[in-house]
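Protein chains in written order, with the working numbering: chain V, 8 to 288; chain R, 52 to 362.
Be a bit skeptical, because a hint or two may be false.
What the hints assert, rightly or not - The following label-pair restraints were derived from C-beta to C-beta distances:
1. V:19 x R:225: 37 to 43 Å
2. R:359 x V:89: 31 to 37 Å
3. V:89 x R:89: 18 to 24 Å
4. R:265 x V:185: 50 to 56 Å
Unchecked claim - According to the in silico footprint, chain R covers these stretches of chain V (three or more CB under 8 Å from chain R):
5. 35–49
6. 99–113
7. 137–146
8. 160–170
9. 219–226
As the list claims (entries may be wrong) - List time: in silico DSSO-like cross-link candidates among lysine-lysine, alpha-carbon distance up to 27 Å:
10. V:173 x R:283
11. V:173 x R:360
12. V:246 x V:66
Derived from the structure by calculation, the hints contain no laboratory data.
A quick note: this is a predicted structure, and the numbers were derived from the prediction, not measured.
Idealized CB from N, CA, C, for every residue including glycine.
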Amino acid sequence: MITGYGPIQRTVRVWVPVLFFLFVALLPFYWMAITSIKPNSELYSLRANPLLVHAPTLKHYVDLLTTTSFLLWTWNTMLVAVISTAISLVLGIMLAYPLARINFPGAGLLAITVAAVYLVPQPLLFIPLADIINRLDLGNTLTSVILTYPTMLVPFCAWLLLGYFKTVPMELEEAARIDGASRLQTMRKIFLPLCTPGFISAGIFAFTLAQNEFLYALIFLSKSTVRTVPVGVISELIKGDVFYWGQLMAAALLGSIPVAIIYSFFVEHYVSGLTSGAVKG
Amino acid sequence: MTIRSEPLVGIARRPRRPFSLSAWADRGTVFSWLMMAPPILFILAFVGYPFCYGIFLSLESRPVAQPGTFVGLANFIKDAHDPVFWQVVRNTFVYTIIATLLKMIGGLGLALAMNQDFRFKNAIRALLLLPFIVPTVLSTVAFMWMLDPAFSVVNRLLFDLGVPKPGPSWLGNPYLAMFSIIMINTWRGLPFYGISLLAGLQTVPTELYEAATIDGASGWQRFRFVTLPLLKPIILIVTLFSVIFTFADFQLVYVLTHGGPQNATNLLATYAFDIGMGAGQLGLGASVALTMLPALALLIVGITLYLRKKT
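If we strip away everything but chain R, and leave its shape as in the complex, we get (with noise of 0.2 Å):
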């Protein structure tokens, strides 16, 4: 539109030149807080209020279904004395940071291995997201069973291969629970990356590679020097999506060893659990809670401001 004279009053344009349209800019900023509101009230009554009632909660001693008495930073400290809570924290950093790395390197080598030219392609893909979308606590329940005690079938196929019965006790040995848990949860968030960073892959343009051929440059070049920056962005976000939900997993280790052996697998949000639900020690199970907040706040901080840099 070329039209250079006042907007007559009704005409919609982008709000963009402000000296005429304000009162128009004030009608849209009206409608959407009107639109708005009932999300929002929303948000803020079941997140916004849990979130800070959490913080409150965190700072009582509160046996279930008692009153609570305030007593300030008291759950914290019994947290920082108590040995069992720095090996739950050390479980979880070693379970998020092993699993997130593997997480990585397997989707990037997944997504290479999709980003060829075969046939079935579609299907394939389909059936390699298959672990990312059926339900955790069933796959985990499949896993529950292949690592049985008495009746493994990994077992069983590792004695076919010369291991002496009975085999390793996958869930019974504090090192091999951390290892079961921390290769299922790969197993069931490597398509997550795979297909994000296929997604990505598929948004090189060719030319560049053609270009980087002829000046000589050999496949691992290629990679390292044409894909790898280009794909850094979607890697650097999916990362920080997987650590927060690995972070704060809890369906997962729940489901397949309660925490077990001897606290070996329990991680921040399971142990919260058993504090919380099953002592019925609402304040202290807070307060384990909450201090997972320091490193999520750092993570999705960190997102929003990458999300925002782009926008």
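Chain V with its partners taken away, still in its complex shape (with noise of 0.2 Å):
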């Protein structure tokens, strides 16, 4: 780029606006962290200066897992986001196969129907599906959640590999297809192979959005037992009026890690991703 300034200025230019959006994006962070570290004593003192910890203790952490039921909510929200990730990916390479790769009638409405559901908010469908569920008897299970997550994922999941696909050369596909191989096995032993890191970055993207679910587990599941970390934490760990802000802290950070150090390795997937639709069009 041409600037006309000398060193200085130029790394001020840079760098005042890029620490500055830092600092706003990472100050609830430290935040957590130094709160999850802080005795009591310290947390609910008004004196001492809020932004430093003095006697660090990892009290609240050893609270939040023997005493609540922290660590079986994680299971419960590992076990629901993979699963329910699996289904859609499957779903979502079934609707987008034919839609990217075959020309039919109607194809191109159907992609635009793909995206359209994709757009329909939770707000909108979740009091018909809570009695659907409730008259299914499903209330209180992970089956719940698990047939329900599906309705974002799999139009996410479609959408995003429906762009991936259209990327790929036809060639590969066509060989295959003038040796007399059927288009189904065209598209598992040919066609699938080749698109394995789109599935990566769809699945990864859909797992994230699985563990970030609130509404429908927080009307679904109301047994402790079956509870998944962000209800968990909401209807458990606040009691009433009184707030155990260490251990909330505690609870908020380890929640939020897994998905933060997957995301950073992904992270142009995800940009790419989600703005193909946008960009390439």
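Combine both chains into one complex, guided by the hints.
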């Protein structure tokens, strides 16, 4: 870029805004971390400097892991996220492959419908779904969320994969067809193995969306043993007006770390996946 | 390929030449629909059916665990006479419009700041994305603690800057509570905007900037007449996405304020939850949720038409 500024001015121009955004983005996380290792005497002291910790302790973490069902909630969350992601990936592939690779009447319209279904927000569906889950007698089972999470994840995966599939050249499949392979064989043996990177990124996004889900889990899961992390934290670590802030912050941090680590490796995929519809069209 | 004769049976070609490949195209269609049947049936069962059932519920008086009775549009009429409902509608629009504007402007700033050359760029970008990817409920709990009436760190810092104690009641004052949820929503959504716009910025060819500079354009003019027009499509699509998810927001408000104080931060989604789940009035709750539909439908149709134009 052409700039007429000296090195110092340039440094200021670059770093002041970047550091400002970093500060705003990270302050709450710093606050979570520092709160989670403060002893209660410091937490509820109005005199100590709130931004520092004098006698760090892991007590809140120990309490969280031993006196609450946090580990069980983590297990539930993982289980639900893995299964609903797997279902959504398979169904998403089945939906996206013909839409992306086969020119049949109505394909364009159907692809647009998939995008529209992805945009239908949960608050529009949760009341009828609650009644349906009740009638199916699935309340307080992990099945209820494993069945309902794919309602947002299938269109999401299908939409991401549709964009990805379109970038794969047609030649290999054409060659396979000429050699007499059936459509199913072409898809399974030639095409799908080429798309592993696309499956990885769609799977990761779906997995994290499932981990973050709150509304359905809140409505369908009211027994402690079947709760997921977000619902467990909100309904059991906040007891009436008594707040266990140390534990809450420890839980918030522990619940955030897995997602954060996964994302930090896949930022690139994430960005290109989310914006592919807009940029490439 | 330059073969001009009739294609042999079984040779796969793009089905662009309908006259001789009609049988083949048929098989393609059959295969497609067979393959898509399971996901389509799933979506019909768990999105299509609940959606229609929701409309049906909204026409019923339906206390939880009791059979419903058809009441026509009575629920919607009840909503229209409910002052809280109108307050909630106003809240939802205020929340959506202000938060989206803040995210748009802040996101553009973030994208421009990140579109420069500096060290640790990838690491910083990953860190900046954190607010967006961390589970909303968990980061909102952190904000709840930061704005706690007795031990708010924000107020502690304000006190050190000279604001007298006890400091603002962030979640107790109706205006400040709305301000707080808007700021937190902005905090969370800004990275999505910023990173998407950054992806857009990186596709702007540097030649355009050089040409503009040679023609004597100032920094602002380069931004106004080169960057902004090229970013317009991506700004539009990100904004539409953001509006939909802000308009239907539930988690943040449910966790932070439960819609209070005195419904000052109640949004359509949380109000529908209060009525449908809290008070057990499924029919009335469904009618409140459905009032989101016209605005949402307009947006969704807008996005899909836009995407269709692009494809």
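Evaluated hints:
no. : hint                      : verdict
1   : V:19 x R:225: 37 to 43 Å  : 40 Å, holds
2   : R:359 x V:89: 31 to 37 Å  : 34 Å, holds
3   : V:89 x R:89: 18 to 24 Å   : 20 Å, holds
4   : R:265 x V:185: 50 to 56 Å : 53 Å, holds
5   : 35–49                     : holds (count 5)
6   : 99–113                    : holds (count 10)
7   : 137–146                   : holds (count 3)
8   : 160–170                   : holds (count 3)
9   : 219–226                   : holds (count 5)
10  : V:173 x R:283             : 24 Å, holds
11  : V:173 x R:360             : 17 Å, holds
12  : V:246 x V:66              : 19 Å, holds
Consistency with the previously given hints is maintained throughout, with no hint failing.
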